[in-house]
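**Student:** The chain contents come next:
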Amino acid sequence: MSERASIPKRDPEEVPERENGIEEVTTGSQSVIAALEQAGVEHAFGVQGGAIMPVYDALYDSSISHITMAHEQGAAHAADAYGIVTGEPGLAMATSGPGATNLVTGIADAAMDSDPLIALTGQVATDFVGNDAFQETDTTGITMPITKQNYFADHSDTVGDDVSEAFALAEKGRQGPTLVDLPKDITKGETDQWPNPPKTPETHDEPVEADESAVEAAATALKEADRPLILSGGGVVKSEASDDLRSFAREYEIPVITTMPGLGTFPETDDLSLGMAGMHGTGAANMAVTNCDVLLGVGTRFDDRLTGGVESFAPDADVIHVEIDPAEISKNIEADHPLIGDAERVLEQLDDAMTRAPEADEWREQCQTWTEEYPLTYEMPEDEPLKPQYVVEKFDELADDDAIVTTGVGQHQMWAAQFWTYEYPRTWVSSNGLGTMGYGVPSAIGAKIGAPDKEVVTFDGDGSFLMTMQELSVAVRENLDVTYVILNNEAIGMVRQWQDGFYEGRRMASEYPWVPEFDKLAEAFGARGFRLEEPEDVEETIQAAREYDGPAVIDAIIDPAENVFPMVPSGGDNGLFALNEQHLEMI
Amino acid sequence: MPGPAPDERMRPIGRRNTQGIRIDPEAEATHEPRMAVLSALVKHEPGVLSEVSSLFSRRQFNIESLTVGPTADETTARMTIVIEEPEPGVQQAKKQLRKLIPVIEVEELESAAMRRELALIKVAGDKPDDVQAVAQMYGGDAVDASKDAVTVEITGSKQKIDAAIEAFEQFDVLEIVRTGAAALERGSKTMDSATMESDN
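So the sequence lines, in the order shown, correspond to chains Z and P. Under UniProt numbering, the letters of the first sequence match residues 1 to 587, in that order. Under UniProt numbering, the letters of the second sequence match residues 1 to 200, in that order.
One chain only, chain Z, in its complex shape (with noise of 0.2 Å):
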């Protein structure tokens, strides 16, 4: 271990001088940091520059501990994964121009997942917007399709109240990104106003309860149901509803399936328990759900990555579908009991319409057999090389039964999320919908910050973490206790998978001839390195990772002929889920 007394860490405990932040206002900028103390914000993820320094020196007085990123792209990936851990808005802040357009990645991640998120951009003064000034950008017609919501704050008395909306909205509703632009002559210009607590504007649609007619029919399609099914998604996390989807499930003895989001909304360890279902979700919940006749859908967006094609998805269901956005209700599936309101007291609702349970017991006999006889599997041989599901299924023997797994996108995240075993809402933290890759190492700062009691562990692959590794800086300067664990196979690992079943096996641009040795590197970086080849070391390796108090990465070198199987090719039938390479040539 080489010396590293020489890195300012930052004390963990430490509380900052300022605990009372802003009291009172004087100019935009205090009123926007004013703003968001009054609602809760307690961290900052963010990049200097000119146009925001403004509201940086405000932040000088703020209660709001910031926490300098590498580069604003890991700063709203770590704000992202603040929201996904702690369900309030994760705050992340950048300047004009390249500072917002760095953000932008981040925010469209947001987006796809529905994780709340608030953005602040610095913004050139309004004297200037229009002239192509230096670092300007149109950010908020960039963002425009990326947002629920952005502002352009236009006056000084007004900006505080702009992020109090920006910040409601986020929170509220469907959640999701929102962003304000702030132009500097805005954020530096005089005000005596005081920001408006945060609340939605009238038009924002925050359905509650469904209709007690619509909920009465599903019931009685559901309680008459021979093959049903419950598929729990990210809503599911986002409304608090695991508890009581759980109950439901128990109550009522029916089988579970989940999204990739809402992995852990239903403990993976219950009977009822199918797993994931999708491109490389379970055998069984692929059955399941092609060959279910009522299908209860919670908080899902039904994405093509879990529905594959929709001609052949759950195709003999009745759909009930609980959601609380109108506009997912038959965008993708016909939903025959739409339900729309927040999917805890939804599932209240629907709870109290039952009468009895279906009489599914032959059907939840089918889907044990379906377990049995598609278990995930892999091949472990003696010794060399090594597997990267042995080392996903090691490390969740030793990790805290409650640890929050982050990962970056591309084969790594499905072993992570097929491997580990998922028991509790808000401990999976990934980027689900927009497929980030890079999103691993700042989503695991945002996590432990966002959860610091909490093991953060992040799965991450060579390439992924290739494109935000400048981010360990951040978590060895916050010293944050992560364990990172490169799954390493010098490839674009799923891009090869694909070019070798999609595209005979033309290997273009997929295979890196070189990768940096990752565990030297994280030393430069400050935190502590580990190599790992031998399967035979891989529990010793990660405890000695997880009891490293600070960042550790583990450069796991693991076999570069395993792929990801299940898997439902895009657009396929979930129904003929190829077990193999062998699968594949035939459906």
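If you are wondering where the hints come from, they were derived from the structure by calculation, not from laboratory data. Since we're looking at a predicted model, the values are computed, not measured. Where hints are given, some of them may not hold.
Label pairs and their computed distance ranges (CB to CB) [as the list claims (entries may be wrong)]: (1) P:Arg-116 x Z:Gly-40: 48 to 54 Å; (2) P:Ala-72 x Z:Glu-253: 54 to 60 Å; (3) Z:Pro-201 x P:Arg-58: 19 to 25 Å.
Ideal Cβ placement from N, Cα and C applies to all residues, glycine included.
Once you have looked at the hints, place chain P on chain Z.
**Tutor:** Showing chain P alone in chain Z's frame:
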């Protein structure tokens, strides 16, 4: 023991169409596109037109026309959007529109709703009397005349304007501009900010 291979597994009988709607596998039913007139009451603030047009473009809804203008209440504006979509697309467009924060209310107008377009047609100036005669046949009028050109104004339904333009083709048409539809429901039914307040 691994379970059955893909071709040996239990299979469902049903089928959905590409819109995710369950169908009789024997009789493939498809929704034909239709015209729909959507009237949206929106907050009169910067960026609203851009938000709405960006929504329609990124979600690939087929816009026939989009008009926007002030209402009796200076804080709101009304957009009339004519789209051509199959039924699920029409419904989806309405839901997506409602979701935009500056949108107060959205309604699909019945086919009986009053729809009016304005067209300005500029034709060569060599037969001004004949041009005026045709314009009057369509309830229009010449609004500008010079040595080389006459411009007429026609107001009416899309069909009427199509017919008028066809009639003017006997002259040398130099330029045409059309506004797209503005529409209101017949009778006393209205959609205004009062509706918004009663909803909350």
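**Student:** Run every hint past the structure and note whether it holds.
**Tutor:** Status of the hints after comparison with the structure:
1. P:Arg-116 x Z:Gly-40: 48 to 54 Å: holds (52 Å)
2. P:Ala-72 x Z:Glu-253: 54 to 60 Å: holds (58 Å)
3. Z:Pro-201 x P:Arg-58: 19 to 25 Å: holds (22 Å)
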